[in-house]
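Enquirer: Residue-level listing of the chains:
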Amino acid sequence: MDTLMTDLKKQIVEQLNLQDIKPEDIGDEQPLFIEGLGLDSIDALELIVLLQQQYKIKLANAEDGPKVFYSVKTMADYIRANQPKNA
Amino acid sequence: MLQENNYITSSCRISNHTIYKNGGKIFEEKNIVFADFLIAAYAYFNLNYPKFYKMDSLSKLGWLASEIVLKDTFKAENYKPADVGIVLANANSSLDTDLKYFESTKEFASPSLFVYTLPNIVMGEICIRNKFKGENAFFIQEKFDADFIEQYVNNLVNNNILQACICGWVDVLQEDYEALLFLVEKNKTENAIAFSTANMNVKNH
Chain A
423 MDTLMTDLKK QIVEQLNLQD IKPEDIGDEQ PLFIEGLGLD SIDALELIVL
473 LQQQYKIKLA NAEDGPKVFY SVKTMADYIR ANQPKNA
Chain B
1107 MLQENNYITS SCRISNHTIY KNGGKIFEEK NIVFADFLIA AYAYFNLNYP
1157 KFYKMDSLSK LGWLASEIVL KDTFKAENYK PADVGIVLAN ANSSLDTDLK
1207 YFESTKEFAS PSLFVYTLPN IVMGEICIRN KFKGENAFFI QEKFDADFIE
1257 QYVNNLVNNN ILQACICGWV DVLQEDYEAL LFLVEKNKTE NAIAFSTANM
1307 NVKNH
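Chains as they are written, first to last, in the numbering used here: chain A, 423 to 509; chain B, 1107 to 1311.
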């Protein structure tokens, strides 16, 4: 079990107030936007805040957003690659 | 003076943790905070609109009142999207959410709160839900001014700018709140009453 992805699913549900979705219902590679969880542009901004708040990571390039936030797995990969050593 | 030829075909009042439709009590849940009351009412009426949870309190209140005022009365098939509009007023604008947003800026400014820092967003939520594309307006007034609403809405309807209008009062500041919505239509339906200042000011809506 990947703890980071499990944590991320809980944090996404809480941060985005997805009260009708359980964290365990979100697939690791399920698209978060449009055909997946149906998140919108405001949710995308909330995910950027989540990265900063929880993982001290600032999205360096806004154009990377669609790739970084494609799924829980791509978010976890980005966090692992960019998380400060002392975070 | 404008001719009194439009009708209130449905009304909804939400106040003091109680919901009334056309004057009859349809839901009550005391001894909980306002935010929980809104969620309890949403669940009770099986409204199934996940975006409800993301709305601020003003939008939740107005959206909930609109669902109730339209239910079993409004016949969407009788109207084109641009036929139906919304005219609302309140005293506290979006101050309830403005304060919450200001608090959030002390740490991380919340995008999802920011988008509700205007009072007219509640009308957008109602329009999105029902695909209404007609004229809408939101006024800030000290208290509910039925005479003003009557004149404004009659002007829109009698000039064929709108064929139907949701109008009234939706106000929230922390635990103080009230919604009073009316569905105004040209055609008289069963139990409809004249759209007039006196009828809007009747206490038992």
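Hint data in this document are derived by calculation from the structure and do not stem from the laboratory.
Keep in mind that the hints are not guaranteed to be accurate.
Unchecked claim - Partial pick of chain B residues on the chain A-facing surface, computed with a CB cut under 10 angstroms:
{"id": "1", "residue": "1156"}
{"id": "2", "residue": "1158"}
{"id": "3", "residue": "1160"}
{"id": "4", "residue": "1185"}
{"id": "5", "residue": "1213"}
{"id": "6", "residue": "1218"}
{"id": "7", "residue": "1220"}
{"id": "8", "residue": "1223"}
{"id": "9", "residue": "1246"}
Unchecked claim - So the derived label-pair ranges between C-beta atoms look like this:
{"id": "10", "chain 1": "B", "residue 1": "1214", "chain 2": "A", "residue 2": "425", "range": "19 to 29 angstroms"}
{"id": "11", "chain 1": "B", "residue 1": "1197", "chain 2": "A", "residue 2": "452", "range": "23 to 33 angstroms"}
{"id": "12", "chain 1": "A", "residue 1": "446", "chain 2": "B", "residue 2": "1141", "range": "47 to 57 angstroms"}
{"id": "13", "chain 1": "A", "residue 1": "451", "chain 2": "B", "residue 2": "1267", "range": "25 to 35 angstroms"}
{"id": "14", "chain 1": "A", "residue 1": "446", "chain 2": "B", "residue 2": "1151", "range": "22 to 32 angstroms"}
{"id": "15", "chain 1": "A", "residue 1": "489", "chain 2": "B", "residue 2": "1230", "range": "40 to 50 angstroms"}
{"id": "16", "chain 1": "B", "residue 1": "1265", "chain 2": "A", "residue 2": "462", "range": "30 to 40 angstroms"}
{"id": "17", "chain 1": "A", "residue 1": "488", "chain 2": "B", "residue 2": "1293", "range": "42 to 52 angstroms"}
{"id": "18", "chain 1": "A", "residue 1": "488", "chain 2": "B", "residue 2": "1239", "range": "24 to 34 angstroms"}
{"id": "19", "chain 1": "A", "residue 1": "452", "chain 2": "B", "residue 2": "1187", "range": "48 to 58 angstroms"}
{"id": "20", "chain 1": "A", "residue 1": "449", "chain 2": "B", "residue 2": "1141", "range": "25 to 35 angstroms"}
Computed from a predicted model, the values in this text were never measured in an experiment.
Every residue gets a Cβ at the ideal spot worked out from N, C-alpha and C, and that includes glycine.
Enquirer: Take the hints in turn and mark each one as holding or not.
Expert: Hint-by-hint comparison with the structure:
| no. | hint | result |
| --- | --- | --- |
| 1 | 1156 | holds, 5 angstroms |
| 2 | 1158 | holds, 9 angstroms |
| 3 | 1160 | holds, 5 angstroms |
| 4 | 1185 | violated, 27 angstroms |
| 5 | 1213 | holds, 8 angstroms |
| 6 | 1218 | holds, 5 angstroms |
| 7 | 1220 | holds, 9 angstroms |
| 8 | 1223 | violated, 13 angstroms |
| 9 | 1246 | violated, 25 angstroms |
| 10 | B:1214 / A:425: 19 to 29 angstroms | holds, 24 angstroms |
| 11 | B:1197 / A:452: 23 to 33 angstroms | violated, 44 angstroms |
| 12 | A:446 / B:1141: 47 to 57 angstroms | violated, 26 angstroms |
| 13 | A:451 / B:1267: 25 to 35 angstroms | violated, 50 angstroms |
| 14 | A:446 / B:1151: 22 to 32 angstroms | holds, 28 angstroms |
| 15 | A:489 / B:1230: 40 to 50 angstroms | violated, 31 angstroms |
| 16 | B:1265 / A:462: 30 to 40 angstroms | holds, 36 angstroms |
| 17 | A:488 / B:1293: 42 to 52 angstroms | holds, 49 angstroms |
| 18 | A:488 / B:1239: 24 to 34 angstroms | holds, 30 angstroms |
| 19 | A:452 / B:1187: 48 to 58 angstroms | violated, 33 angstroms |
| 20 | A:449 / B:1141: 25 to 35 angstroms | holds, 31 angstroms |
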